Amino acid sequence: MKKIIELKGITKSFDGETVLNDISLDIYDNEFITLLGPSGCGKTTTLRLIGGFETPDAGDILFMGQRINDVPPHKRNVNTVFQRYALFPHLNVFENVAFPLREQKVPKDEIQERVENMLSMVALKGFEHRNVTRLSGGQQQRVAIARALISHPQVLLLDEPLAALDLKLRKDMQQELKNIQKATGITFVFVTHDQEEALSMSDTIVVMSEGKIQQIGTSVDVYNEPQNAFVADFIGESNILDGVMLRDLSVSFSGHTFVCVDSGFGKNEPVDVVVRPEDVDIVPVEKGMLTGTVTSVTFMGVHYEVIVDIGGFKWMIQTTDFVDVDEHIGLYIEPDAIHIMKKSEYSGPYGDYSSFSNELDELSDAESEPDE
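70 is the number of the first residue of the sequence shown in the working numbering; add one for each residue after it.
It is possible that some hints are incorrect.
[Claimed, not checked] The calculated lysine to aspartate or glutamate pairs, modelled on DMTMM-like cross-linking and capped at a C-alpha distance of 20 Å, are:
1) Lys336 with Asp317
2) Lys240 with Glu265
3) Lys356 with Asp405
4) Lys247 with Asp98
The hints are simulated quantities; they were obtained by calculation from the structure and are not laboratory data. All values reported here derive from a predicted model rather than from experimental measurement.
Assemble the whole structure, with the sequences as input and the hints as a guide.
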C-alpha cells in the first residue's frame with residue numbers, strides 16, 4: 070500500500086507541558102486508521118497537526134513525500150469532520166453540502182450531480198431542501214460527512230464525530246462510516262476514546278497514552294496480543310497478574326504453574342500475565358487450577374460479570390453460567406488463553422477488579438475531552 074502521511078519524530082507542547090513526545094506514524098492509502106486513547110493522550114493534537122491546525126515543535130509531517138509542516142489547512146488535500154459538526158444553520162442540506170464546490174466555482178450542473186450522488190451515499194436522498202437545524206444528530210452528522218467528502222480529499226479526519234449520538238445510533242453510524250470509507254476509497258483518520266468503536270471499525274488501531282504511541286496493529290492484534298499492561302487494560306477487560314516465566318511455555322502466577330504458548334523470555338524472568346475474562350471457565354472446585362470466592366455478580370444481558378477473590382486479587386470472569394455471591398468456585402484456563410508480556414512502566418496499577426464498577430466506567434466515558 071502507498072503511504073499518504075508520515076509523521077516523523079513529532080513533538081508538541083502547550084504551556085510547557087509535552088502533549089506529544091517524539092511520535093512516528095505511517096498512514097496508508099485507503100486505510101481506516103483510528104487514534105485511540107484516554108483523555109489527554111495526544112490523539113486530538115495528532116489529528117490537528119495532520120490537518121494543519123497546529124504546527125509541531127519538532128519533527129516532520131510528510132504528505133505524499135512532501136514536507137507540509139507550514140502548509141495551511143486550506144492548502145492540504147485533507148478535510149475534517151469535527152465533534153461539533155459546524156453546519157451553516159442558514160443553509161439547507163443541499164447548500165451545506167454544495168458550499169465547498171460553490172467556493173471552487175464548479176459549474177452548476179456538476180454541483181447538482183455531485184451533491185445528489187453524495188446525499189445518496191450518506192442516505193439523505195430526499196432531504197435536499199430540509200433545514201439542517203431540523204435534522205436529528207445522526208442526519209446532521211451525515212451532512213457534515215457529505216460536505217467534507219464532496220471535494221474528494223485524499224484524507225478525511227474525524228474528531229470523535231459519534232460522541233454526541235445515543236448508543237444505538239452510534240452503532241448504526243459506525244457501520245455506515247466504514248461502508249462510506251470503503252465506497253470512496255478515501256483514507257479515514259478517526260479519533261475516539263471508545264474501545265468498542267475502534268475495534269469494530271478500524272483497519273489499523275494506534276493506541277496512545279501520555280503523548281506516546283503504545284501499540285499499532287489490527288483490532289485482532291491489539292486485543293489478542295497487547296504489548297504492555299496499559300494496552301491490555303484499555304482494550305477491553307483484562308485480568309493482569311504478576312508472574313514469573315519459568316522457562317519457555319511455562320509460567321507461574323497466583324501460586325500455580327501453567328502451561329502457556331509463549332516463549333523467548335529469560336528463565337525466571339518477571340512478567341505481566343494477561344487473561345481475558347471471557348477465556349476463563351468456571352468449574353467445580355476439585356477440577357479448578359485456581360479456586361476462589363465470588364464477591365459480586367452482575368447480569369449484563371448476554372452474560373454475567375463475576376468478580377472472584379483469589380488470594381486477595383479480584384478476577385473478572387465473563388460467563389453464561391450463573392454462580393452466586395459467596396460461592397466457592399474453581400477456574401480452568403487453557404494454555405492459549407494466557408498471554409505473557411514484558412514488564413513495563415505500566416506494570417502494577419492495572420488488572421485487579423477490587424474497585425470495579427460499571428457506574429464508574431460510565432462516569433469516566435461521560436467526561437468531556439476539550440483539549441489534548
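message = Need the status of pair Lys247, Asp98: alpha-carbon distance at most 20 Å?
response = Distance ~15 Å between Lys247 and Asp98 Cα, so the pair holds.
inquiry  = Would the hint linking Lys336 and Asp317 be met if the CA-CA limit is 20 Å?
reply    = OK: Lys336 and Asp317 at ~8 Å, within 20 Å.
ask   = Given the proposed pairing of Lys240 with Glu265, does the C-alpha separation stay at or below 20 Å?
value = Distance ~10 Å between Lys240 and Glu265 Cα, so the pair holds.
task = With a cut-off of 20 Å on the C-alpha distance, tell me whether Lys356 and Asp405 pass.
result = 19 Å, holds
Comparing the model with each earlier hint shows no violations; every hint is respected.
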